[in-house]
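Enquirer: Sequences and hints are given; from them, build the entire structure.
First residue of the sequence shown? That's 31 in our numbering, and the numbers climb one at a time after it.
What the hints contain is simulated information worked out from the structure, not anything from laboratory work.
Take the hints with a grain of salt, since some may be wrong.
Unchecked claim - Listed next, the in silico EDC-like pairs over lysine to aspartate or glutamate satisfying Cα-Cα at most 20 angstroms (straight line):
{"no.": "1", "residue 1": "K260", "residue 2": "D303"}
{"no.": "2", "residue 1": "K233", "residue 2": "D314"}
{"no.": "3", "residue 1": "K233", "residue 2": "D303"}
{"no.": "4", "residue 1": "K233", "residue 2": "E289"}
{"no.": "5", "residue 1": "K233", "residue 2": "E290"}
{"no.": "6", "residue 1": "K260", "residue 2": "D314"}
{"no.": "7", "residue 1": "K233", "residue 2": "E163"}
{"no.": "8", "residue 1": "K260", "residue 2": "D98"}
{"no.": "9", "residue 1": "K233", "residue 2": "D145"}
{"no.": "10", "residue 1": "K260", "residue 2": "E309"}
{"no.": "11", "residue 1": "K260", "residue 2": "D145"}
{"no.": "12", "residue 1": "K260", "residue 2": "E362"}
{"no.": "13", "residue 1": "K260", "residue 2": "E316"}
{"no.": "14", "residue 1": "K260", "residue 2": "D270"}
{"no.": "15", "residue 1": "K233", "residue 2": "E264"}
{"no.": "16", "residue 1": "K233", "residue 2": "E316"}
{"no.": "17", "residue 1": "K260", "residue 2": "D319"}
As the list claims (entries may be wrong) - Simulated DEER-style distance windows between Cβ atoms:
{"no.": "18", "residue 1": "A73", "residue 2": "D156", "range": "19 to 29 angstroms"}
{"no.": "19", "residue 1": "D314", "residue 2": "D156", "range": "42 to 52 angstroms"}
{"no.": "20", "residue 1": "A73", "residue 2": "Q311", "range": "38 to 48 angstroms"}
Cβ coordinates follow ideal geometry from the N, Cα and C atoms, glycine included.
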Amino acid sequence: MAGQRSDAEQATQNLTAAVGVEQRLAVSHGPFPCIRAARRFDASRHVVFDIAGIRVGWIRRSDLARLDVWRHVFDIDDARVALRAEFDTVDARTRVLGEVIGALAAEGCIPGWRDETYAIRNHFDDAPLAYIERAASRFFGTQTFAVHLNGVVFGRAGTSEGDVIGVSDVIGAGDALRSAGGQLSDAARETTRMWIARRSLQKATDPGMLDNLVGGGIGWGYGIEETLIKECWEESGIPDSLARRAVRGGTIHVLQEIEEGTQAEQLFIFDLDVGADFEPQNQDGEVADHRLAAIDDVLQWIQQGRMTVDASLAALDWMSRHGALGEVARAELAALSNAPV
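Expert: Printed below as a string of C-alpha cells:
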C-alpha cells in the first residue's frame, strides 16, 4: 500500500540506524590520544626545579649542560636544580632568572618569545615566588594556567565536515538539551553544534591545528574570568555581555613532555551557548577560520589528533558532562581533574 514500508525496507532502515548507533558508540568510547598525552611524562628524564625549598618545575636532564655556566645562580646535582638561597626575594629571583632566560633565548633554547609575564606559583592563588617570561615556563616546567571555552549552539544544522562560518542554516534554537537535564538526547545530539577554531599558521605553538572557540593563557595580574572575557573578544569577537554568560565547567591538569620542555598546566574550562545567530570574528590574527561542527565530527577530530591536546580535553569535558562519552572515556578524563603527584 502506498505510504507503507515493506518488511525489507523497514529492515534496511533498522540496520542503518543500528550501524549509526555502533559508529557513534565507537567514536564516543575513544580511544582519545589527548588523554594519554596529558600524562605523557617520565620523571626519570627530568630533575626537579626548586625555589626556596619548594618544587616549582621540571627541567630535562638533557638541558642541564646549558645551565652549567650559571652555577653562580643555581645549585645543580643529579636530582635537582635549585635557585641559590642568596636570591631570597621575589625581585632578586626575577632579576637573575631574567638574565638566564634572556641568554637561553638568545641561544635558541627558549623559542616563541611572548613579552608576557607569568608568575612562578604552584596554585593559582599562591603568592608568586618569581616572575618569568611566558615562553620560559616550558623550559623550567613551571605551573601555568589557561582558560578554554566551548562555544555551543543548540539546534543548528551543519555538514559532516563542519561548516565554515556563514554556510550552515539555522533550524531553531531548541531546548532539547536543557529539558533532558543536561544529557544529550539523540535528537539534541543530531542538531547540537560546537564552534571550532583553526589556529593561524603563524602561531608559535600548534600552528594550523583545530582549537576551541576561545583559549588562552592567564598572565600575571589577570583573573580567571577576566582572562576569559579578554580572550573571548580577541579570539572570536564575543562581546563582554555574552562572554559573561559563560558557565564554569571542569578543571583539568596536564603534565606532558613537549618539544619546548614540560607543559604543566591547569585548564579552567567554560561553556557558552552562543546562540544560533552568532558568528565568530577573530580580532587578533591568531585564528585562521572558524567552523560549526557536529558533536560526532568533533569527537572524530579529537580521535584523529587534529585538535590540540588542550582543546581536545576541553571539548571532551563538555562531552562527558552532557552524556556524549562512553564510561571508560569518562573515567579516564575524570582522573585528569586531579593534579599529578
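Enquirer: Does each hint fit the structure? Answer for all of them.
Expert: Each hint, compared with the structure:
A C-alpha spacing of about 18 angstroms is found between K260 and D303, which places the hinted pair at or below 20 angstroms, so the restraint holds. For a cut-off of 20 angstroms, the pair hint linking K233 to D314 stands: about 11 angstroms separates their Cα positions. For the hint pairing K233 with D303, the CA-to-CA distance comes to about 27 angstroms; that exceeds 20 angstroms, so the pair is violated. For the suggested pair K233 and E289, the alpha carbons sit about 15 angstroms apart, so the restraint of at most 20 angstroms is met.
A hinted pair counts as satisfied when its Cα atoms are at most 20 angstroms apart, and K233 with E290 qualifies at roughly 14 angstroms. For the given pair, K260 sits about 11 angstroms from D314 by alpha-carbon distance, which is consistent with the 20 angstroms threshold. Taken as a hint, the K233 and E163 pair is honoured in the structure, with Cα atoms around 17 angstroms apart against an allowance of 20 angstroms. Only pairs whose Cα atoms come within 20 angstroms are accepted, and K260 paired with D98 is rejected, the gap being roughly 40 angstroms.
Between the alpha carbons of K233 and D145 the distance comes to roughly 15 angstroms, so the proposed pair stays at or under 20 angstroms and holds. Among the hinted pairs, K260 with E309 is consistent with the structure: their alpha-carbon atoms are about 18 angstroms apart, no more than 20 angstroms. Only pairs whose Cα atoms come within 20 angstroms are accepted, and K260 paired with D145 is accepted, the gap being roughly 17 angstroms. Under the criterion of a C-alpha separation no larger than 20 angstroms, the hint pairing K260 with E362 is inconsistent with the structure, at around 31 angstroms.
The hinted pair formed by K260 and E316 meets the criterion: a straight-line CA distance of about 14 angstroms does not exceed 20 angstroms. A C-alpha spacing of about 8 angstroms is found between K260 and D270, which places the hinted pair at or below 20 angstroms, so the restraint holds. Taken as a hint, the K233 and E264 pair is honoured in the structure, with Cα atoms around 14 angstroms apart against an allowance of 20 angstroms. Between K233 and E316 the alpha-carbon distance is near 6 angstroms, which keeps this suggested pair within the 20 angstroms criterion.
Distance restraint check for K260 and D319: the Cα-Cα separation of roughly 19 angstroms lies within the 20 angstroms cut-off, and the hinted pair is therefore satisfied. Range check, A73 to D156: Cβ separation about 22 angstroms, and the 19 to 29 angstroms hint holds. Taking the beta carbon of each, D314 and D156 are about 29 angstroms apart, not inside 42 to 52 angstroms as hinted. At about 44 angstroms, the beta-carbon gap between A73 and Q311 stays in the expected band of 38 to 48 angstroms.
Going through the hint list in order, the structure does not satisfy hints 3, 8, 12 and 19.
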